[in-house]
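J.: Below, each chain spelled out in residue letters.
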Amino acid sequence: MVMDLIVLATLLAAGSGVPGLLMSRRSSVGEWIAVGLIVTAALMGFGAIGYQLAFATAPAGLSEPWSLPWGRFAIGLNAIGMVFLTPILCIASLGAIYGLAYWPQAFHRRNGRKLRLCWGLLTAAMMMIVVARDAVLFLMAWEVMGLATFFLISTKDDDVGATDSGWIYLVAAHVSVLALMGMFALLRVATGSFALWSVLPTSSSSVLATGIFILGVLGFGLKAGFMPLHVWLPGAHANAPSHVSAFLSGVGLAMGVFGVVMVSAQWATPPIWWGGLLVVLGAGTSLGGIIFAMAQSDYKRLLAYSSVENIGIVLMGIGLAVVGRAVGQPLWILLGLGGALLHILNHSLFKPLLFFGAGNVLHATGTREIQMLGGIAHRMPRTAGLMAIGSAAICGLPPLNGFISEWMIYLGLFNCAVVPAGLRLTWLTLAAPALAVAGALALAAFVKLFGMTFLGLPRSLHAAEAHEAGILAIAPMWVLAFGCVVLGLAPVLVLGLLERAIARWDAAAFVQRPSLAAVEPLQKMSLILGGLAAALLLGVWLVYRIRPRMAVVNATWGCGYGAPTSRMQYSGGSFVRMLTDAYRAILWPRRSGANVIGFAPEAASASVEFPDTVLDRGLLPGLRMVGWLAGRARPLQSQAVGRYLLYVLVALVVLLVTAVW
Amino acid sequence: MTGTINSLLVVVLLVNLFMLGASRMRGLIHAAAAQGVILSFMPLLLAARLDWIAVVVASVTIGLKGLIIPRILHKALRDAKIKREVEPMIGFLPTMLLGALGTVLSLVLAAHLPVVGHPVSNLVIPVSLSTILTGFLLLTTRVKAITQVIGYLILENGIYIFGMLLLAAVPFLVELGILLDLFVGIFVVSIIIHHINQTFSSMDTRQLTALRE
Amino acid sequence: MLFILILIPLLASGVALLMPSDRSRPWLLPPVAMAHLVVALIAIDRHSKARLGGWLWLDPPGRLVLLLLSVLFVICAVYTTGYLRYREDRSNRVFVACLLFFLAAGTLVAMAQHLGLMWIAMEFATLSMAPLIYFNRTARSIEATWKYLMIGSVGIAVALLGSFFMAYSAMGSGPPSLLFSDLMARATTLNATWVRMAFVLLLVGYGTKMGLAPMHTWKPDAYGEAPGVVGALLAGGLTSCAFLALLRINHVCCAAGQQQFTSHLMIFMGLLSMAVAAIFTLGQKDIKRMLAYSSVEQMGILMLGAGIGGIELFGALLHMLNNGITKGVLFLSAGNIHRSYQSKSTDEVRGAMRRLPLSGTIFMIGFLAITGSPPFGPFVSEFTILTGGLQDHWYWISALFLLLMLVVFIGMGRTVLTVVQGRPLPGRPASAYRDRLLTGLPLVVSLGLVLMMGTHIPAPLAAMVHRAAVFLEVHP
Amino acid sequence: MLINTVMHVVLLAAAPPLMLGLIQRTKAWLTGRKGPPLLQPYYDLYKLLRKGVVLSKTTTWIFRAGPMVTLVTVLLGGLLVPFGASAAPLHFKGDVILLIYVLALGRFFTSLAALDTGSSFEGMGAAREVTFACLSEAAIMLGLLVLIKFSGSLSLNTMLRAPEEHAFAMLPVASLMLAAVGMFIVLLAENARIPVDDPATHLELTMIHEVMVLDHSGPLLALVNYGAAVKLFVFAALFLHFVPPVPMGSPALNWAVFLAEMLGVALTIGFVESLMARLRLTHVPTLLVAASLLCGFGFILMLR
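Residue numbers (the working numbering), protein chains in the order written: chain A, 2 to 662; chain B, 34 to 246; chain C, 18 to 493; chain D, 11 to 314.
If you're looking for bench data, these hints aren't it; they were derived computationally from the structure. Fair warning: this is a prediction, and the values are worked out from it, not measured in the lab. Accuracy of the hints is not assured; some may be wrong.
[What the hints assert, rightly or not] Facing chain A, according to a computed beta carbon distance under 8 Å, are these residues of chain D, among others: (1) Leu59; (2) Gly62; (3) Ser66; (4) Ser130; (5) Met151; (6) Leu224.
[Said to hold, decoys possible] Lysine-lysine pairs mimicking DSSO-like chemistry, simulated, CA-CA at most 30 Å apart: (7) A/Lys115 - A/Lys157; (8) C/Lys66 - A/Lys115; (9) D/Lys57 - D/Lys67; (10) D/Lys37 - D/Lys61; (11) A/Lys525 - D/Lys103; (12) D/Lys61 - D/Lys44; (13) A/Lys157 - C/Lys302; (14) D/Lys57 - D/Lys44; (15) D/Lys57 - D/Lys37.
Note that CB positions come from ideal geometry on N, CA and C, so glycine has one too.
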């Protein structure tokens, strides 16, 4: 019943773009049909989840024979699956609606239909990934996701930026698929079947287990964007259409996390170093991600890097849970995994919110450069307000949802400091200061993003002539912002689901369902946060009362200078200059132009850009080197026939020698 | 009996060396033809009693290797109005030495290989191997298209020699089929050579390196 | 039944030679191909028994190759009728005749149970392809044909010597024989050294036909210069025939107790071919040469699978089918692109998806399929090979396998994307060619087949492959 | 209990400006001036509240919301930090993180309000504010980790008062002292005191906090100043828990001790401000890194 609903929903989603293909490029009927189908699919999916949560006792499953070697069409839905399925359905439909305003067929005749077809396929593939219980099925869904994503990123296939980042993504996705092929093959060696996500008999210390874990982290990490596997991410999210970026960043990355969660659940007691590795990886990812984010001058790249940071935070939580499982500390599992899963949900709320907002800005101004913007809050008040909520939420500021999940992860990490004697794991606590620094940097990054984009004076004509987006673009953002507030004030709404998921992840540690509420005073905190929210509203209302009574409106004080212009404002680059200087060892900025010296200097220009260190300084040069080396071999294949016959002779002789030997 | 075979085989060896040294195209063609004819007599000598099948096969072989194929080659040589020298990539002497070395090696190798059944002569295997090697040498070190065809012929001859050991195994149908293949092959190749002449007005395969990475 | 199978195309080629009109001649191909397919299906279904005292018999692997050949030929036949319409500048008499003759020869290979007979059929198949490669009558095509002929003939000669060695190795026990059935029956009495040498020679000989490195050198040139349809038949048909020959020989050698030797040799050759292909696909500018190297890689995968043995044999046989069809897709679509742009170099071909929406898109998808992306056929077979390799603890081999596949993907992908994406370059000559029914439908059909092989393998086909794998299993 | 709460709230609401006054008095005394009256800050606030507001026309609602949000956040922070040995009104497990993040919320709005004016000077101020926060947050976190490790509790109420409740001999004195120094530096930096920032200067180029609020006027400025005072008070209260205290029995004595200690803090700040010169802006990060290192060492010492 439940699974049939899911399958039906998947089919609907997959086919949602097809009617559009059959219609002419001009008609906009196709896009409305597509949205309708996607939303229907989403509603059916939610229905399935709701039914499962409300009535079902056992996890739902469905297994049909399949005419591929050892393939079975086996799917199932458990609590973890639901946690990841919810954002997929939510963002798929909201993004589709947003797309009506952002990428209408009327203006994008060439690629509008392609985009919607791939959108549907991507949705369906993600749903399949979450419910798949057979390796072959999983791999297929995984690759369909990869390919659909590739076509979405390179929607504008005559734009070099889009095609290049699409190509890099395609390679990354293929590496990930190959790694996963290897992993599942090893899995089959271990279990003798392709059935997925059961606790394996082999001991977790065996070479086999290590291989599976490493390949899994590699394959899934490439998708999730763990540093230094994040190379494809910034370009892709920057160049894709904004609602696509929202979908990829809010939900797509979560698929990689889903994989890591599932893989790490496959051993009753994983070795401690696995968890340690994940925590260290997570700390590095979040710090690195936010350092690069803070430096970016392209607001979509900034958002992309901040996704890397958030994935890092999630990863810390998972790592903590793995360690807890290894040493038998249910509390760590509860807080680590709970925080991680909750953060996935949160990230799937505020990141799409921010990308939608970015899309509105891009649509209104036509530029992705923060330096060119400013002061558009006056012209786009709704977008500005919603973006403010999103920025505050992603910085983990109370009373919004980001705070709750980070709070849980912090608590888990602190618990490592008060660990019972004997376990020498206090060092894990040092991830907490790292997280704190990451949080402060995130605040800097988003103050820069919001302040420089929406506040102050317009720095260019683009900004000066911005216009507010239509209702179809704003409504989805309202929904998401509302979600941020609700989850921030009443996390209890999702606690039940999280607890089920945690119990599913490590059934051994929890005989009866674990209770986050019992462990942590969430209700009390919710009350306090509610009070805070009320106080804030009251206060702001009071301040607003001032206005009519006694306010003079005048120009900003120029510190005595008569004619300040908008170009005198502090720019985004200078805003983070101290930080970028402090981290130049990591950022490795590319500076050009001279710095001005002396009095009455000549006109001079200087610029600084922050290429991705791993990609532009390491990977691409390396690949070019390989290509050059391969080029050295060309002459071998540019000879007269006699030489070719010589190759044959040599091969013959050599092999004969081995034969007679 | 075995004596005659051995002597013929030795002659074949000498022909090989001669061809490696030959500088005139005609001589090369004649030598190849001669070798072919010599070889085609052998089955008759080996056969216990002359049955007509063997005779047919032998005569066809002679006709093909002794007459038709040389004809084709001569014709190709004639319409290619070019100088008749063999153009080696590496000199004649070195190739001869290589050939001699190859012969020695194949003798040594054959001596170490296990003997199966009751071969008529223990020279068959080494001679066939060295002949094959000769063919390869011609193929790889000579630049003219025709020379390479001749090299291919010699290669074929070497294999034919080995075929002596298993007359029973290779029924005449297969023999004929193999011959037919050889004929068609040479025929098609000669056509291509003709076109090469038309297009490049030369037979130098060194010019055929337009297709490169 | 078996005779009919060979006679249909043989007679048809004779007819083609006699037919006067260039316009009507191509229309001979589709009906003949269909007839051949029908008869082939019946023969496969009936398990028709051996003929000529066991010289002709459709053994299970033979059935697979026959099926592949026939299906591929049907696709190419329809395509050719469409293709030759654009080539009315020259007579297609020889072209059509040779195509049909190739079909006959290939069919004979599939059912020949005698080393000598198989050799003859193979040689004829090779020779019948030469005029097709030379179809364009340009200097480049002459060179390609010349190289193809010389290397191919030498290789086939080596194979003949190998067959003789094989026969000779059997002389220890009674009269020599070239019949597979005899050889299998007397497998244990074969002389080890001679069997090994025979295997090496046959590997090199038929490996030349398959295009295993380092005997692959003719491939880029021939595939690059031949019309797309010829490339499809070479890469999908001829190579499969050669692979079949190697499988049978390997079968005998394994039965003779040389399993370890042969498997190591095949794995080595397989990896070597993959490596060479990987090196030369990086930065490849010519789409057809790129396809040639990809074919070299696929042959390497086949050898690897066959070498590891066990369930990979299943995988390898499956991959033979997948590779054949997918190569068809790629070469035909590449041919369309080539014709539309009058060029096959990435310097001049851009935006194929815009100018040729069908061919461009299918070319792209075909690339994804051949590099082993789900949900297409090659993925299933490659994944099977990988799984089996790990099952038998070939960890490093499998790792290398994955790595080389990645390199090839990068090499090909760069080229393919450059060709299909973007806008056509301004000021380049554009022919009037656009996708038509006759040149488009075969692509769609074969792509459908590839997709089917990847998502739902029909039960009877799976059974055939399984039977073939079991047949080739060695039980010492 | 109730008395405690009332006391706490009253102190939090009323005492902060007095502390400012104390600091100014100390500085005046040390420099031999007469100085403003002790209650001068209250007069200033009263005066500002009655004045009108000048708003830049580039500003949005954020500019006006900023000061109030900051005030609310520091007040909430104040309710979480126990004053002296007596319990804090609000406390739950993990409130330590709420403290840090609620202050971050205030910072978020202060700097946005600064950017809202579009003035380059206020941009500078905001940039410095967020930059230095990155360093001081690490320091605070590490400093608190010392007490977490020592007390084994995650609630400010328990962990901060742990030193009071243990006998002096049992305290990890070395760690506490290292952390105390670090926390004092953070106290100065976060509240824009010398040597990090100079509240009295009038050269915009060198200021941090003051330059952010250049455009605020009237009641808004009053809110800003009051908020700043409260923040200083809260940080001082927080800092006090790191100096090994004199344990006291009765609540009344506890409050007395607390007030005395606060007075001490005020005097110390006054001393520092009049004895030290302001650091060059580029050297501030070094100072803050030193603070984090000190707290870090403190924590590392606990690991043994």
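J.: So, for every hint listed, does it hold in this structure?
T.: Now the hints, each set against the structure:
1. Leu59: Cβ of D/Leu59 sits 10 Å from chain A, so the hint is violated.
2. Gly62: holds, 4 Å
3. Ser66: holds, 4 Å
4. Ser130: holds, 5 Å
5. Met151: Holds, because the Cβ-Cβ distance from D/Met151 to chain A comes to roughly 4 Å (cut-off 8 Å).
6. Leu224: holds, 6 Å
7. A/Lys115 - A/Lys157: holds, 10 Å
8. C/Lys66 - A/Lys115: violated, 53 Å
9. D/Lys57 - D/Lys67: Holds, at roughly 24 Å.
10. D/Lys37 - D/Lys61: holds, 29 Å
11. A/Lys525 - D/Lys103: holds, 10 Å
12. D/Lys61 - D/Lys44: holds, 28 Å
13. A/Lys157 - C/Lys302: holds, 24 Å
14. D/Lys57 - D/Lys44: The hint holds at about 22 Å.
15. D/Lys57 - D/Lys37: Satisfied, since the Cα-Cα distance of roughly 24 Å is no more than 30 Å.
In the structure shown, a violation is registered for the earlier hints numbered 1 and 8, in ascending order.
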